[in-house]
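J.: One-letter residues, chain by chain:
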Amino acid sequence: MSSTGENAAVAVDDLTKAYGDTVALRDVSLSVSPGEFVSVVGHSGCGKSTLLRVLAGLEDDFRGTATVDGADVRTEGGERVGMVFQEPRLLPWKSVRENVAVGLPRGVDPDSDDAHERIDALLDRVGLTEFADARPSELSGGMAQRVSLARGLAYDPTVMLLDEPFSALDALTKYEQQDFLLDLWRDSDLTVVLVTHDVEEAAYLADRVTVLGGQPGTVETTVDITEERPRDRGEWLVDYRDRITTALGVE
Amino acid sequence: MSTRTYGLADLSLDQARWTLGLIVPAFLVVGWHVAVVTGVFPPYQLPKPLSVVETLYSLAASGELATHVSVTVQRVFFGCVVGMTLAVVLGTLTGISRTASALLDPLFQSLKNIPSLAWVPLFLLWFGIGEVAKVLLIAVGAFFPVYLNLSTGLHAVDEARREVAEVYDLTRFETLKSVVFPAALPSLFVGVRSGVGLAWMFVVAAELIGASQGLGFLMKNGRVLSRPDMIIGAIVLFALFGNLTDLAVKEVEKRVVDW
Chain A
2 MSSTGENAAV
12 AVDDLTKAYG
22 DTVALRDVSL
32 SVSPGEFVSV
42 VGHSGCGKST
52 LLRVLAGLED
62 DFRGTATVDG
72 ADVRTEGGER
82 VGMVFQEPRL
92 LPWKSVRENV
102 AVGLPRGVDP
112 DSDDAHERID
122 ALLDRVGLTE
132 FADARPSELS
142 GGMAQRVSLA
152 RGLAYDPTVM
162 LLDEPFSALD
172 ALTKYEQQDF
182 LLDLWRDSDL
192 TVVLVTHDVE
202 EAAYLADRVT
212 VLGGQPGTVE
222 TTVDITEERP
232 RDRGEWLVDY
242 RDRITTALGV
252 E
Chain B
20 MSTRTYGLAD
30 LSLDQARWTL
40 GLIVPAFLVV
50 GWHVAVVTGV
60 FPPYQLPKPL
70 SVVETLYSLA
80 ASGELATHVS
90 VTVQRVFFGC
100 VVGMTLAVVL
110 GTLTGISRTA
120 SALLDPLFQS
130 LKNIPSLAWV
140 PLFLLWFGIG
150 EVAKVLLIAV
160 GAFFPVYLNL
170 STGLHAVDEA
180 RREVAEVYDL
190 TRFETLKSVV
200 FPAALPSLFV
210 GVRSGVGLAW
220 MFVVAAELIG
230 ASQGLGFLMK
240 NGRVLSRPDM
250 IIGAIVLFAL
260 FGNLTDLAVK
270 EVEKRVVDW
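Quick mapping for you: the protein sequence lines, in order, are chains A and B. First residue of the first sequence? That's 2 in the working numbering, and the numbers climb one at a time after it. First residue of the second sequence? That's 20 in the working numbering, and the numbers climb one at a time after it.
Please note that the accuracy of each hint is not assured.
[Unchecked claim] Derived lysine-lysine pairs resembling DSSO-like cross-links, with alpha carbons at most 27 Å apart:
hint : chain 1 : residue 1 : chain 2 : residue 2
1    : B       : 67        : B       : 131
2    : A       : 95        : B       : 269
3    : A       : 95        : A       : 175
4    : B       : 196       : B       : 273
5    : B       : 131       : B       : 269
6    : A       : 95        : B       : 196
7    : B       : 273       : A       : 95
Since the hints were derived computationally from the structure, they do not count as laboratory data. In this text the structure is predicted, and so the values were computed from the model without any measurement.
With the rest of the complex left out, here is chain A (with noise of 0.2 Å):
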């Protein structure tokens, strides 16, 4: 292992990743410690949802290490992973609840007394007690969300992986959201990477934003966002603001 650390959540080593000739990351080093909230920014096309791809498991083919837990993620450390893309990808001959259930890992019966409590507490959790026989085409987007929210905590991962998850949302859903997020983390002792386009999101919700940028996508720098938390969404954002696109190469 490397200088990563033993300890880290995630710990990501000198990745480089290609689709056939196109390099999609190169050399890209990332730590996160347990507990940790870490958002990852860059322009599209810079890597940084292949990046949770590989962290996911969800690629075998790349050069470096990639560990969670300590474990590689092409084997058990993908397992300790939950996902939530950016779009919900429920399953739509299901119920809310069979969609949660599918987060459930291998070996709980969904079928269980357990296996019931445990999705009706996430259904609570989310708020969506009221929606759990409904199919998700009856569900608004933000809600639909959050049941890929809950499918992910059902796993129990150690690491919960965000791709985009508030993009596709109008500004007030997406400020809900974000403050849902914040909560569920704040009460967990999760360890969460959220990948996002949007600079105010990441330095609001995160402890550290990495910044990825360039083409193939190295990581250009990282900023610590030291703000205390409960945080607002006022003044001291548009600090972090600025360091953040100017580290993107933005005006």
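Let chain A serve as the given structure and place chain B on it in line with the hints.
T.: Relative to the frame of chain A, chain B by itself:
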């Protein structure tokens, strides 16, 4: 379960649509009647609509019609069962296994291009003019649309959803059961609907070629006896049953694909 409620307005709108759809056929029947009565068509070529009804009625009263109908319906039914069962098994196999697909799919893709009626002489030679030949011919007709649609539907399952199954570590069986098969159900129904349609087409072919019972036989007999009323009566019944089975499949589809 999602339930939809229809208001009174929707209902009457539906009814209005139904009624509108009947106007043109009604005019055609009236036009047909007038054309025969005024002598545009001689009755030995085109009988009056009413004499078609009378013929059907007298066939029904003698009990003969029931026999023909039940024989034809049974052939279609067994042909569909045989053809579609095989299609579901093979379509599933090639849909979920790359090896099976590489081995079998090129064969079926080529076989589907043989006009299915080309099998008739061979089937007659092999199985005689008994029920087996007819049921098999219908089975061939019903097989291909179901096989092709199911196999393609299974292949076409959204990569995004497969990734969800991968992230949440579903077993292969769970992935097939919860993600892949439900996603392919709409394609399967497209196949079943056109398979049933083809089964009706092929039962006509089979019964025209060699049968002593059935609606197709009734048509053939009508030609031999110069009874256009019998032929048209049989056509009307095919139309009726074809529509009924299509509606039935649609109804099943609505219940199964209910999301």
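J.: Now look at each hint and say whether the structure bears it out.
T.: Hint by hint, here is what the structure shows:
no. : hint           : in the structure
1   : B:67 to B:131  : 41 Å, violated
2   : A:95 to B:269  : 21 Å, holds
3   : A:95 to A:175  : 25 Å, holds
4   : B:196 to B:273 : 20 Å, holds
5   : B:131 to B:269 : 25 Å, holds
6   : A:95 to B:196  : 12 Å, holds
7   : B:273 to A:95  : 16 Å, holds
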